[in-house]
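Starting from the known structure of chain R, arrange chain P on it as the hints suggest.
Chain by chain, the residues run as shown.
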Amino acid sequence: DTEVTQTPKHLVMGMTNKKSLKCEQHMGHRAMYWYKQKAKKPPELMFVYSYEKLSINESVPSRFSPECPNSSLLNLHLHALQPEDSALYLCASSQVNEQYFGPGTRLTVT
Amino acid sequence: DQQVKQNSPSLSVQEGRISILNCDYTNSMFDYFLWYKKYPAEGPTFLISISSIKDKNEDGRFTVFLNKSAKHLSLHIVPSQPGDSAVYFCAAEGGNDYKLSFGAGTTVTVRA
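Going down the list, the sequences are from chains R and P. First residue of the first sequence: 21, per the numbering used here; consecutive thereafter. First residue of the second sequence: 19, per the numbering used here; consecutive thereafter.
Treat the hints as calculated values from the structure; they're not laboratory data. Mixed in with the good hints there might be a few duds.
Claimed, not checked - Okay, derived cross-link-like pairs now, EDC-like style, lysine to aspartate or glutamate, Cα gap no bigger than 16 Å in a straight line:
| id | chain 1 | residue 1 | chain 2 | residue 2 |
| --- | --- | --- | --- | --- |
| 1 | P | Lys89 | P | Asp42 |
| 2 | R | Lys58 | P | Glu60 |
| 3 | P | Lys86 | P | Asp42 |
| 4 | R | Lys29 | P | Glu60 |
| 5 | R | Lys73 | P | Asp115 |
Claimed, not checked - Which bits of chain R does chain P cover? Going by a derived footprint, with three or more residues having C-beta under 8 Å, they are:
| id | region |
| --- | --- |
| 6 | 46 to 60 |
| 7 | 65 to 71 |
| 8 | 116 to 127 |
C-beta atoms are modelled at their ideal positions from N, C-alpha and C, and glycine is treated no differently.
With the rest of the complex left out, here is chain R:
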């Protein structure tokens, strides 16, 4: 089983809202990731958690705040986003080399 789940599937939020994206995996993977993907572009890495600790932050603006409550869960807290933040947000997990992606959350900022 290589399933990564993400909720919600779609999210529309205003620029003053606070919302959270959730990701879950039950494969016992040691690393979890957040990516942002714009149409017709490759995924763009945002954050990496390794053994529940933040190991990589790709200079992401502070309006995006990741959280890893336990080894199976990964959250992305959103606050005061801009319209240009509208994108597909992908979660992934890996044990060694292969990263397995979730279906993504389609975020629209109005």
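Just chain P, lined up with the frame of chain R:
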């Protein structure tokens, strides 16, 4: 700086024929290479991978070839099927930082 390049943005192939997707990389520290398939509005799906100690890996209709001296890899899909129509991303990693470097993607269209 684009370390993984897919120079063909699109590929059209007839159903039943072979699809060949190419990928070049510049970073000699990369030691593991992956191919992902992506449908619109969905997450990428892992297809096949290859370690730098190998030159070929096969899984069903999918074969990946690696030429380390040329820093080039390719994905062969035989035979191509309509469900193969998607965007294919080449990705590479090296070291222990968990980071994948992606190519820009190649859109494959399989014609009936």
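Against the structure, the hints:
no.: 1; hint: P:Lys89 / P:Asp42; in the structure: holds, 6 Å
no.: 2; hint: R:Lys58 / P:Glu60; in the structure: holds, 12 Å
no.: 3; hint: P:Lys86 / P:Asp42; in the structure: holds, 10 Å
no.: 4; hint: R:Lys29 / P:Glu60; in the structure: holds, 10 Å
no.: 5; hint: R:Lys73 / P:Asp115; in the structure: holds, 13 Å
no.: 6; hint: 46 to 60; in the structure: holds (count 3)
no.: 7; hint: 65 to 71; in the structure: holds (count 3)
no.: 8; hint: 116 to 127; in the structure: holds (count 9)
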